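Asks: Take the sequence shown: its position 501, counted from the start at 1, is 500 in numbering that gives the first Met the number 0, and no numbers get skipped.
Everything labelled a hint here was simulated from the structure, so no lab data went into it. Being a predicted model, the structure only gives us computed values, none of them experimental. Don't be surprised by glycine CBs; every beta carbon is placed ideally from N, CA and C. Among the hints, erroneous ones may be present.
As the list claims (entries may be wrong) - Simulated restraints, written as ranges between beta carbons of each label pair:
#	residue 1	residue 2	range
1	Tyr-271	Gln-671	17 to 25 angstroms
2	Val-726	Gly-626	33 to 41 angstroms
3	Pro-46	Ser-371	29 to 37 angstroms
4	Leu-199	Gln-55	58 to 66 angstroms
What the hints assert, rightly or not - When the alpha-carbon atoms are kept at most 27 angstroms apart in a straight line, the in silico DSSO-like pairs for lysine-lysine are as follows:
#	residue 1	residue 2
5	Lys-690	Lys-702
6	Lys-702	Lys-145
7	Lys-690	Lys-755
8	Lys-403	Lys-145
9	Lys-450	Lys-403
10	Lys-659	Lys-690
11	Lys-511	Lys-450
12	Lys-665	Lys-702
13	Lys-559	Lys-145
14	Lys-559	Lys-623
15	Lys-665	Lys-623
16	Lys-759	Lys-690
17	Lys-664	Lys-755
18	Lys-145	Lys-725
19	Lys-690	Lys-623
20	Lys-725	Lys-659
21	Lys-755	Lys-702
22	Lys-450	Lys-393
23	Lys-237	Lys-511
24	Lys-393	Lys-403
25	Lys-690	Lys-664
26	Lys-665	Lys-690
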Amino acid sequence: MDDSSFIRDLAFILLTAGLAAWLFRALGLSSVVGCILAGVLIGPFTPFFPTISDVQRVESLAQIGLVFLMFWIGLGFSLQKLRRLGLHTLLVNVIGAILLFHIFRLVGDLMGWSQVASLFLAAMTMVSSSAIISKNLAEAGINHEKPAQRALTVTIGEDAVVILLLTFLSSSLHLGEGSTLSMPMTLMVLGLFVALFLVLGLVTVPRFLSFLRRSADSETLTVILTGGIFLFALISVKAGYSLALGAFLLGAIAADTSAKSQIERLLGGVYYLLSAVFFTAIGMLIDPASLQELWPEILVLSFLIMVFRVLAYGFGFLVIGNSLRDSLRSSLFLTPIGEFSFIIASLGVGAGVLGEDTYALAVGICFVTALSSPLLTRFSEPWALWLENRCPDKLLSWVEIYQKSLIWLSKRQEGNLLWRLSRPRVLQIVREILVISAVLIFAAPIYRYLKVREELAFLSPGMFFTLYAVLVAVLISMPLLALWRNYFAMSLLFTDGLTRGMSPNPRQRLSKSLNLAFRSIGILFLTVWFLLLLPWNRITALGVCLWLSLLLLFIILFKKRLILWHSRFELMLDESISSSQGGHAAWAQLQHPIEELELELVEVDLPDDSPHAGQSIANLNIRKNYGATVAGIERQGLTLPAPGPQQQLFSNDRLLLLGKADSIKKARSFLQTRQNDLTQKPDFDEISLEKVLIEEGSPVVGKTLLELNLSGEFGLTVVGLHRADKVQLNLMAQEVLQSGDELLILAAPVQHQRFKSHIKPGSASLD
């Protein structure tokens, strides 16, 4: 084969995908669907266009694109965002995921699909497209309303659910290939792997990135980051999971570091390039003829997905205490299916459990739900009101009683001192149990992997096993000691709570008995827990006793040192989790619009060639001219809440505007204007210093420089003013122009001429 064929194929793919993505963006649709349809056009099933000569090479490149795609999704995910969601939002995700999972498994069975194929169908319906949802909400101007914010937070939880589900599906494919693990055990081991991966990653990755940023240039940092992404994906594969999991988790860890903005800048181009190849490669596997055959199935499944997603998530929002109308509105926003569905379909087709027409099915469903979602978003309020009015009065009264019960329970919980004191301990105990369990479970496969390595052949099998057992004991000694200390503190708290109000003597006796009972239960739990996790097929009862004795001896001898190490470890972990640098989540601090005052919050992006770049908020005078207030600025991942009037704006800034609907519309139109041919910023060699005479009768006489906004209107700079044989430099914005003044302006010839024509006597006012 000609060596240039791959270069030709790649050029053809990128140009076609780029044009299709641009067209779909212009139509207001997802660029992902555009790339997939581009792949359909240039694929082997479409004879009207030149086809790719080596599809296998493209598929290999698409796998690299999948790794970057999952890393990028993780980079936009952020563990800090997940932490801020709270148990209420996570409960909505769990309820929605469980309902959709069982409903669409049943739908797959009714359609005659196999059990595994139905599992994949359910997975494809469980995650929406956060990109499409956020775009629809922003275009409708309701992205800061409470129902919209709830829907956006649910999409964050969906990413976490689907990445675990994707990994579980990858693992479940091996259940029929001799694996002895049951489905619940597979999920448990997966959860332990993720917990261990995150704990170790949160401690090491942020510090490593900080070191690289201080000591390496951008080129070196780009190379090392790319290698790290593939390394984490490889670790995930070696552990028996999909490469998507490792890349996603690395992105989620990096999302909460100060390096996030730099990573996005350095790797953004690579991501866009390879993700386009990935989705185009999916399209190349679609036979257009199958789309014609599958249209009835596509329409039916799309309708069922929209209906059941609204019902499932609407029920979830109701469970956490939202009103029926708000629950319906939030769930109506969550109907479009996105890129994760293609990734899940790719996994199923690659494993041979799904037919290749599944790609066409996924594309069709995504297309239909993406087209219908803007209508559902814009008319969510009247439709939610229509549905609420048709609910039985008895159901509405029960919902009201349930909401009042939740409010009462919440107040009781907030006032419970025992719960507030014990909650941090409970979270630490759960984390330590997960870490210790993960180390003990994965110790066996790691031992089998290391045992056959030639680099360790100089050690005898017995010596290597002994050293490895000692290493495992040392690793778990620190979290084990912390687990016991937290459990002991919890027992004291519960003992104090149970005996409060009793007379001193009975209370002292009962406290001792309760403490003894709690300690005995803890020792029994630890013993049973360890015995269940230890690999009994590779270790004798005597070996277990010796290993446990060694573990206890090490803890006793190095107790103070272990406590110090664990305190430092906790501090490092808390710093990593708490150091949120994301910009989009910070808008939540500005809260929601005040509905009683009919105010709105809308995000506005300044374009690259904005004529307002470099000007201050006071210069633009947005509040006076349009009645809107700049409530916040997001710049390169950092958020500036409540900016002052002297704060300058720059291209690609994201502004949060607060005001009435009509004021927001006018201010948005003003801020998103671009440079035209007359006001386009010229090269430096065209700019010169000129004098302009203000004649009597000019429309600028009696106006201040602030009111005229010459920089924004004409792209020029006022350097000074010649008045009465005196030259004034560094003019104040409140300087009032008079007839006979000579302005010293710095401008290009075209800007100079345009300004002179506007200030002639008798010309139109600049207002």
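Asks: Please go over all the hints and tell whether each is borne out by the structure.
Replies: Results of checking the hints against the structure:
1. Tyr-271 - Gln-671: 17 to 25 angstroms: holds (23 angstroms)
2. Val-726 - Gly-626: 33 to 41 angstroms: Between Val-726 and Gly-626, where Cβ atoms are some 38 angstroms apart, the hint holds.
3. Pro-46 - Ser-371: 29 to 37 angstroms: Holds, at about 32 angstroms.
4. Leu-199 - Gln-55: 58 to 66 angstroms: Since Leu-199 and Gln-55 have Cβ atoms about 36 angstroms apart, the given range 58 to 66 angstroms is violated.
5. Lys-690 - Lys-702: With Cα atoms ~19 angstroms apart, Lys-690 and Lys-702 stay inside 27 angstroms; holds.
6. Lys-702 - Lys-145: violated (43 angstroms)
7. Lys-690 - Lys-755: Within the cut-off at roughly 10 angstroms; holds.
8. Lys-403 - Lys-145: The given pair, whose Cα atoms are some 19 angstroms apart, holds under the 27 angstroms limit.
9. Lys-450 - Lys-403: violated (61 angstroms)
10. Lys-659 - Lys-690: Outside the cut-off at roughly 42 angstroms; violated.
11. Lys-511 - Lys-450: violated (49 angstroms)
12. Lys-665 - Lys-702: With Cα atoms ~23 angstroms apart, Lys-665 and Lys-702 stay inside 27 angstroms; holds.
13. Lys-559 - Lys-145: violated (49 angstroms)
14. Lys-559 - Lys-623: violated (64 angstroms)
15. Lys-665 - Lys-623: holds (12 angstroms)
16. Lys-759 - Lys-690: With a Cα-Cα distance of about 14 angstroms, the restraint between Lys-759 and Lys-690 holds, given a limit of 27 angstroms.
17. Lys-664 - Lys-755: Measuring from Cα to Cα gives roughly 31 angstroms; hence the hint is violated.
18. Lys-145 - Lys-725: violated (58 angstroms)
19. Lys-690 - Lys-623: violated (30 angstroms)
20. Lys-725 - Lys-659: Violated - the C-alpha atoms of Lys-659 and Lys-725 are around 46 angstroms apart, more than 27 angstroms.
21. Lys-755 - Lys-702: Holds: Lys-755 and Lys-702 sit about 16 angstroms apart, inside 27 angstroms.
22. Lys-450 - Lys-393: Outside the cut-off at roughly 67 angstroms; violated.
23. Lys-237 - Lys-511: violated (50 angstroms)
24. Lys-393 - Lys-403: Distance of about 16 angstroms is within 27 angstroms: holds.
25. Lys-690 - Lys-664: Answer violated: Lys-690 to Lys-664 is near 37 angstroms, above 27 angstroms.
26. Lys-665 - Lys-690: violated (34 angstroms)
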